[in-house]
Structure formats: C-alpha cells, structure tokens
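Number of protein chains: 2
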Amino acid sequence: MDTNHKHTISMRVHNRPGVLSRVAQVFARRGFNIDSLVVSRGHHPDFSRMTIVCQGDPAALDQIVKQLRKLVDTTHATEYVPDESVERELALFKLKIVSETRTEVFQVIDVFKGRTVDISDSTVTVEVTGDSDKVDAFESLVNHFGIIEMVRSGKLIIARGAKRT
Amino acid sequence: MDTNHKHTISMRVHNRPGVLSRVAQVFARRGFNIDSLVVSRGHHPDFSRMTIVCQGDPAALDQIVKQLRKLVDTTHATEYVPDESVERELALFKLKIVSETRTEVFQVIDVFKGRTVDISDSTVTVEVTGDSDKVDAFESLVNHFGIIEMVRSGKLIIARGAKRT
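Chains as they are written, first to last, in the working numbering: chain A, 7 to 171; chain B, 7 to 171.
Just chain A, with the same shape it has in the complex (with noise of 0.2 Å):
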C-alpha cells in the first residue's frame, strides 16, 4: 500500500476559537503530517473553509475524515476528487538577479505568466499562481538563478461548473 499517497480534504467549519486546533489534532493524533492548510472565512461570516493536502495510508485517511466529521464545528468534510474540482495555489518567489542573468529571468517568469510584485537592485519578486504541478515546475525552473525565499499558500479547491464543493 502507498502510505506516502497526497490527500486533499475540503472542510467547512464553524468560525470559532478552537476549531482549528481541535482539527489538527486529529490528524496529530494519527502522526500524520499536514503538507499544507489553509483556513480563511467563506463567503458567510460565520463559517471558515479549510483546505487540508496529508500524506498517509488512505484506510487511516478514511477514519480521519470522518473524525473530522464528528467535530462540533464541522459542517462539512470531504476528500476532493480530481476530476470534478478546479485546483489552485499562490506562491511567492523572491529571486536573485544579476545582469547575466536577468533577460533569462524575466523570460520564465513571462511563460508562467507570472506578475512582479516587488523589485530591488539585486532581486524581483514575483507571484505564481495555478495547480501544485505549475509552482513545483516554476520553482525547479528559477531554482538555479537562486531563490532567496518562497512562500506558498497551499491548495484551494473548488467544485466545477455550478454545484457547491
């Protein structure tokens, strides 16, 4: 069995103190790792969503979810399904710049459709977006230039055409 397999789970929790905690221990609990998570507020004020990407056994995946479920908080708890979502990541690169190298930098950041958010003599900042594949691709391209830091938002999910995720 692949234990190393990457799960994503999209949740919808109750806006209040604790949740958060409460969520990550279940997965605590069960030693798994949390690659990323990002909670933030719906579109309703009352309620969060949080997108969770975990690596484990998908058996101890499935008692996860439905731990997660169990919560107070939870309204909503479910792996996502490839084929039915739209996938997509933010990430922050600040990149070293010399003058050899400069024209080269611009170039991959152009094909990436990448946007430059901040510049100085010797770096540019630039923000990526797309699925995980596109900023891991991006990130392999720009890495011989010299990446100073990067920042990563992790994934967002959401259903596509009209149903809700």
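Accuracy of the hints is not assured; some may be wrong.
Pairs involving identical chains hold if they fit within one copy or between any two copies, as the list cannot separate such chains.
Claimed, not checked - Straight-line Cα separation of at most 20 Å, EDC-like style, residue types lysine to aspartate or glutamate; simulated pairs:
| hint | residue 1 | residue 2 |
| --- | --- | --- |
| 1 | K119 | E93 |
| 2 | K169 | E155 |
| 3 | K102 | E90 |
| 4 | K12 | D52 |
| 5 | K119 | D137 |
| 6 | K169 | D127 |
| 7 | K169 | D124 |
| 8 | K12 | D68 |
No lab work stands behind these hints: they were computed from the structure.
Using the hints provided, position chain B relative to the given structure of chain A.
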C-alpha cells in the same frame, strides 16, 4: 484599547506532525480567533512557513508571539510590519451569470485582472489575487450578481527588497 485590531504573524517551523496543533493551541488557550492561517512548505523541505491573521488585544498578542517562539519547532516568529512587506492573497469566486449581467460580470473581472478558471452555462469561476483589501473590494462588487461559492487563501507575506521575511 482596540481589541479588534488585526494582527499578522509570520512563522517558520520544523515540518513535523503535531506542530500545527501546538501552534493553534497557543491561540485557542487565549481565546484568540484565527481569521486565516496558511501553512505550507518553504523552499527548504524540512521547514514550513505559516502566516496567521488574528484579532485581539495587542498586549495579549505580544504574549502569544513570545509563546510561539518558545515552541521547540519554531525557528522564527514575528509580527508583520506592513511597510516592509508585500501582502498577497488568492481567492476563487464562483459567480452566477445570466444573459443580462454577463457583460457586466466580465467587465468587473477584467478591471480586477481576474483570470477565468472554469465556466458553465450559469456560472463563471474566477481567480483573483491582490492584497486583502482588493479581494474584499472584488467581493463587494460581485456580491449582487450572486456569489455561489468563495474560497480565499488568507494572507501571504514576503519582505520587500532583498531581505528575508
């Protein structure tokens, strides 16, 4: 004292099971509600970056930052200084479209440099990035068309210029 002041904390932590739970508990114990939290790996795979937006009394926040620094997994925890940082957020909006509003919806998307990521007969899903105020402004402008669903990444921050966050 303004107890509803918003604070943004940037952290760097060891990427281990249980870290998130311990961080969330620091906030929960003091009854601080977390508006948004983003955790995902940084450029170095052994460390994660967390960006946390919360509300509460500034004096209590100082205590929280001190406690966060004391956690064994924390390498860095600091409150964000707006002038020295770039702030970005990603949001996905699924909007209702009917023939009468279609042109207007796409005009608003265009003004905000939104990117259409999915479309159906009755809906359009759009990706918007910017600081939190810009995402809030987009939300208010499209609200009357009908927001079927919205998911936001929460705030990501990166230091301006050549220095590290």
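To see whether the hints hold, each was checked on the structure:
For a Cα distance limit of 20 Å, the shortest separation of K119 from E93 qualifies both inside one copy, at 17 Å, and across copies, at 19 Å. In this assembly of identical chains, K169 and E155 lie within 20 Å of each other by CA distance solely across copies; the values are 9 Å between and 37 Å within a copy. With identical chains, the CA atoms of K102 and E90 are at most 20 Å apart between copies only, with a shortest distance of 18 Å across copies and 38 Å within one. Only between protomers do K12 and D52 lie at most 20 Å apart by alpha-carbon distance; the minimum there is 17 Å, versus 30 Å within a single protomer.
For a Cα distance limit of 20 Å, the shortest separation of K119 from D137 qualifies both inside one copy, at 13 Å, and across copies, at 19 Å. For the identical chains of this complex, K169 and D127 are inter-copy neighbours only, at 12 Å across copies versus 47 Å inside a copy, given an alpha-carbon limit of 20 Å. Taking the shortest Cα distances, K169 and D124 sit within 20 Å of each other only across copies (12 Å), while inside one copy they are farther apart (37 Å). In this assembly of identical chains, the alpha carbons of K12 and D68 lie at most 20 Å apart only when taken from the same copy (13 Å versus 36 Å across copies).
The structure fails none of the hints (numbered hints given earlier).
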